[in-house]
Amino acid sequence: MYKILLVEDDPMARQLLEIYVQSSGRYDLVDSLESALFAEAYCTANKVDAVLMDVCTAMNASGLDAAESIKKHLPHIKIVIITSQPECSFIDRAKAVGVDSFWYKSATAEEILNVLDRTMVGESVFPESTPVLHIGNADSSEFTDRELEVLRLVVAGETDAAIAEKLYMSLRTVKHHIQSMKDKTGFRNRTELAVRARAKGLIINKLQSSE
Amino acid sequence: MATFYDLSETAQILFMAAQFIATCMGICMVPMVYPKRRWLPKLILPIGFLISGGMLAIFSANIRVQKQNLPMPAVTKWASELPIWISILLLVAIFGYMVFLLVRERLYRKSTITRFSIKEGLDSLSSGLCFYEPSGRIILSNNCMQELCHKLVGRDLQNAALFWQLLQQGETNHVSKKPGVSLNGVCLRQGDTPAYRLPDGTVWSFAMEQLGSICQLTAADTTQIHELTTRLEQENQQLEQFNQRLRDYGEKADALTRAKERLEIKVKVHGMLGQALLATRRCLQDEGISTDEAMSLWHHSVAVLHKEAVQETEKPLEALKKAAAATGITLELKGEIPEEAKVRQLFLQAAAESLTNAISHAKAKTLYVDFAEDPYAYRVSIYNDGLLPTGPVREGGGLSALRKNVERIGGQLEIKSVPQFILTVTIGKGGDRDV
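Residue numbers (this note's numbering), protein chains in the order written: chain A, 1 to 211; chain B, 1 to 435.
Only chain A is shown next, with the shape it has when bound in the complex (with noise of 0.2 Å):
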């Protein structure tokens, strides 16, 4: 049987997973851990398969990082990562760091475990896209890489000034690219454009990341 170690924050849903894997009959699990931050180590002083990981967990720590760090060191395990949010970036992240398979929380049992079972046997699962959300008027699929980039420092509470150095455009490209938001989804004002793509789940900032 596979040892999988799972990574996973809040206790129900972990639970959940916990359930999911050992009725299985086809996996071990060798223990659950709450913060992504441990999971290296773990990985590197016990033999592990394969980690089913969350993006975002406890201490703030990024599951996307500590895939990035196990897949360096650790090559041979497989990463899982499953999330219910449906932020623009991860899975792109999760390609760019090397992640095998990358799947949504919401799915049912015989899902996660399909993925899982496929994983292992070495395909790459991951959805087709994005699932896509209504923001106002508009699709996320209908804002670009850059008004997304733009949109996630809004949402952080930046300034126009501050997103156009960080990312080294001009003051006036930046509101172009609020603006061009804002014509999209029909909101007033970029508060209210930050507000329904933070609740929505499309921009997530509250993570610990290297980037």
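If you're looking for bench data, these hints aren't it; they were derived computationally from the structure.
Below, a list of computed lysine-lysine pairs in the BS3-like style, where the Cα atoms sit at most 27 Å apart:
1. A:Lys200 / B:Lys266
2. A:Lys105 / B:Lys322
3. A:Lys105 / B:Lys260
4. A:Lys71 / B:Lys404
5. A:Lys95 / A:Lys200
6. A:Lys72 / B:Lys365
7. B:Lys322 / A:Lys72
8. B:Lys315 / A:Lys47
9. B:Lys404 / A:Lys72
10. B:Lys322 / A:Lys3
11. B:Lys342 / B:Lys252
12. A:Lys95 / A:Lys105
13. B:Lys365 / A:Lys47
14. A:Lys182 / B:Lys252
15. A:Lys200 / B:Lys260
16. B:Lys363 / A:Lys47
17. A:Lys105 / B:Lys252
18. A:Lys166 / B:Lys252
19. A:Lys71 / B:Lys365
20. A:Lys95 / A:Lys71
21. A:Lys71 / B:Lys321
22. B:Lys404 / A:Lys95
23. A:Lys47 / B:Lys321
24. B:Lys365 / A:Lys3
25. B:Lys322 / A:Lys71
26. A:Lys72 / B:Lys416
27. B:Lys321 / A:Lys72
28. A:Lys200 / B:Lys268
29. B:Lys429 / A:Lys166
30. B:Lys363 / B:Lys321
31. B:Lys342 / B:Lys260
Place chain B on chain A using the hints.
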């Protein structure tokens, strides 16, 4: 040929008056002509007014001699017998030349920069300008500066150095409790570039510059700039409030997201309970479900629901201890972990990174984590009892990320490899975290 005698009395008086005017004009024009370089006017002008003056004297003497029947001097007789047209021609020539000189002088002043044009130019400026000696004596000051001084102090500008001192100190009538001179208006800024709002609502900024041995005091109307700046500051304040509310919202949004996630799980658990009920019924009705299978479904549902009832997030240090125990490492803690969330988070990241390195590189059995605090900073020092580094420690991805996170908030990360590996993170207390 007509002479002076042949003119009527009125004509004689008018002629002599014209001579008098020409003489006076000539005398008055001397200061205008003599500073110039041209020698011809300097020669002709005095000759002209001497001639007209001489004629005036001769004809006056002639009239007096005639009226008083006195004997006429020869020169007077000779001059009086000259044809009158010669005298008129001379007078016209003298007048004409003087008018020519006056017109030329006027044209010259209009087309050439003179000391007068400099003053005229300064007075036409919309800014205030004053040049003065360090003692305060004014060399040149324009109307605008004079007006400003009058509005601010209530009197003419007489001592520029004192005026500048008053401006710098910002002693206005509104705030000054000392007797003596103080300024009308509201002081918006003191110091080297003082600014005042005058009673008429305009805002003026002053500046002083030393130009060798002369001081230059300038005043500029910055009313519009001040209004725009004030409006901008207010809007920036508003924006900062919005941004803070966004940040606060972001914090709350996490809780909302977790609540949504929890709700989805509960929906699943609801489904699991339904399955358990169905399985139980089928078990009771001997429809192919064993008791163990039914019980298993109940166990699963109850286990998940139990987690909700006892949902206690693990304390960070407990998580570290558990992780250390799970990796076979003994954790020795000393001191108290700081309460401040961001500092605690970074210290735990350092501990986690050190735990990983202790296992993979040092093959250690014990990890020591010492928390310390002084009035200025929090500190954590982490070391182990494993193998000593063979050389300088190369910072991999984990240590680099830790360093970046620590330095982002003004902290310091220090790694020593001699005589043993010690990782120390120091983070300053308070708003300015520079250590």
